[in-house]
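Undergrad: For this one, chain A is given, so just place chain B on it according to the hints.
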Amino acid sequence: MMIHLTRHPLEVDALLAEVQGPERGGTCVFVGTVRNDADVTGIDYSAYEPMAFAEIERILSDAQAQWPEARVMLQHRLGLIPVGEASIAIVAAAPHRDDAFAACRYVIEEVKKRLPIWKKELHTDGTATWVDPSGKPVAGGLRDR
Amino acid sequence: MGKVSVRFFARYAELAGCESAAVLVSGNPATVADVIARIREVFPGTQAMPPRPLAALNQRQVHLDAPVSDGDEVALLPPLSGG
Numbered sequence: 000m001m002i003h004l005t006r007h008p009l010e011v012d013a014l015l016a017e018v019q020g021p022e023r024g025g026t027c028v029f030v031g032t033v034r035n036d037a038d039v040t041g042i043d044y045s046a047y048e049p050m051a052f053a054e055i056e057r058i059l060s061d062a063q064a065q066w067p068e069a070r071v072m073l074q075h076r077l078g079l080i081p082v083g084e085a086s087i088a089i090v091a092a093a094p095h096r097d098d099a100f101a102a103c104r105y106v107i108e109e110v111k112k113r114l115p116i117w118k119k120e121l122h123t124d125g126t127a128t129w130v131d132p133s134g135k136p137v138a139g140g141l142r143d144r
Numbered sequence: 000m001g002k003v004s005v006r007f008f009a010r011y012a013e014l015a016g017c018e019s020a021a022v023l024v025s026g027n028p029a030t031v032a033d034v035i036a037r038i039r040e041v042f043p044g045t046q047a048m049p050p051r052p053l054a055a056l057n058q059r060q061v062h063l064d065a066p067v068s069d070g071d072e073v074a075l076l077p078p079l080s081g082g
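Protein chains in written order, with numbering that gives the first Met the number 0: chain A, 0 to 144; chain B, 0 to 82.
Derived from the structure by calculation, the hints contain no laboratory data. In this text the structure is predicted, and so the values were computed from the model without any measurement. Fair warning: there could be bad hints in the mix.
A few chain B residues that don't get close to chain A, going by computed Cβ distances all over 12 angstroms [said to hold, decoys possible]:
#1 Ala21
#2 Ser25
#3 Asn27
#4 Ala32
#5 Leu63
#6 Asp64
#7 Pro66
Some residues of chain A that are not near chain B, with every Cβ distance over 12 angstroms (derived) [unchecked claim]:
#8 Ala51
#9 Glu68
#10 Leu77
#11 Pro94
A few chain B residues that face chain A, going by a derived Cβ cut-off under 8 angstroms, partial list only [as the list claims (entries may be wrong)]:
#12 Val41
#13 Ala54
#14 Ala55
#15 Leu76
Every residue, glycine too, gets a C-beta built ideally from N, C-alpha and C.
Bound-form chain A, shown alone (with noise of 0.2 angstroms):
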């Protein structure tokens, strides 16, 4: 079984492997990489790793519902990662492009409403702060929003 959160860099082969056949002649494939936004060098993921694995699972199973012969998979790094390196990938394949669109589409935009997953960016200064997509940064310590 494919493992969804990892320490290790990410393998696109490996779940290109996963959801490609014959009978599939579209592939959609998504990877979000680090961003070297300001003075950032890097990103620290964290997650509440068993909901995190079960809310992937459940989001898989909700695409494979509405896209029934599409096969999606994807993978989260955690840990460190650096600039330039992926953070998630997403490969979505089916019998038309549409639908691996779709469900490639589907999938990310759920793991960013769904899953318990943390951004903790760090700065060329040595200084880190929580990324809030509800608003401003936050800095690392008990400063308060």
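TA: Relative to chain A, chain B alone:
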């Protein structure tokens, strides 16, 4: 009266000063909101959490009025930022 285990993650673990705790709650039934109120008393740092933080009960996101039972696990989740 029920014993509920509580888990803190990311910034909330920093605010609480720990990653897990156990609290006793009473109510008929007690809710996730009651657990959070108790946590704010026991771990004053968590008073800096928003008034209505995201929460999970036994690994599923729930509303704060969800009832809790003895042995449940409540997780307090900072704004999600996966991907």
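Undergrad: Each hint should be assessed against the structure and marked as holding or not.
TA: Evaluated hints:
1. Ala21: holds (17 angstroms)
2. Ser25: holds (26 angstroms)
3. Asn27: Label holds. Min Cβ-Cβ 28 angstroms, cutoff 12 angstroms.
4. Ala32: holds (19 angstroms)
5. Leu63: holds (16 angstroms)
6. Asp64: Given that every Cβ of chain A is farther than 12 angstroms from that of aspartate 64 of chain B, nearest at about 20 angstroms, it holds.
7. Pro66: holds (19 angstroms)
8. Ala51: violated (8 angstroms)
9. Glu68: Fine: 26 angstroms to the nearest Cβ keeps glutamate 68 of chain A off the interface.
10. Leu77: The claim breaks: leucine 77 of chain A does not keep its Cβ more than 12 angstroms from every Cβ of chain B (closest is about 10 angstroms).
11. Pro94: holds (27 angstroms)
12. Val41: violated (17 angstroms)
13. Ala54: violated (11 angstroms)
14. Ala55: Since the shortest Cβ distance to chain A is 6 angstroms, the answer is holds.
15. Leu76: It holds, given that the least Cβ distance between leucine 76 of chain B and chain A is near 5 angstroms, below 8 angstroms.
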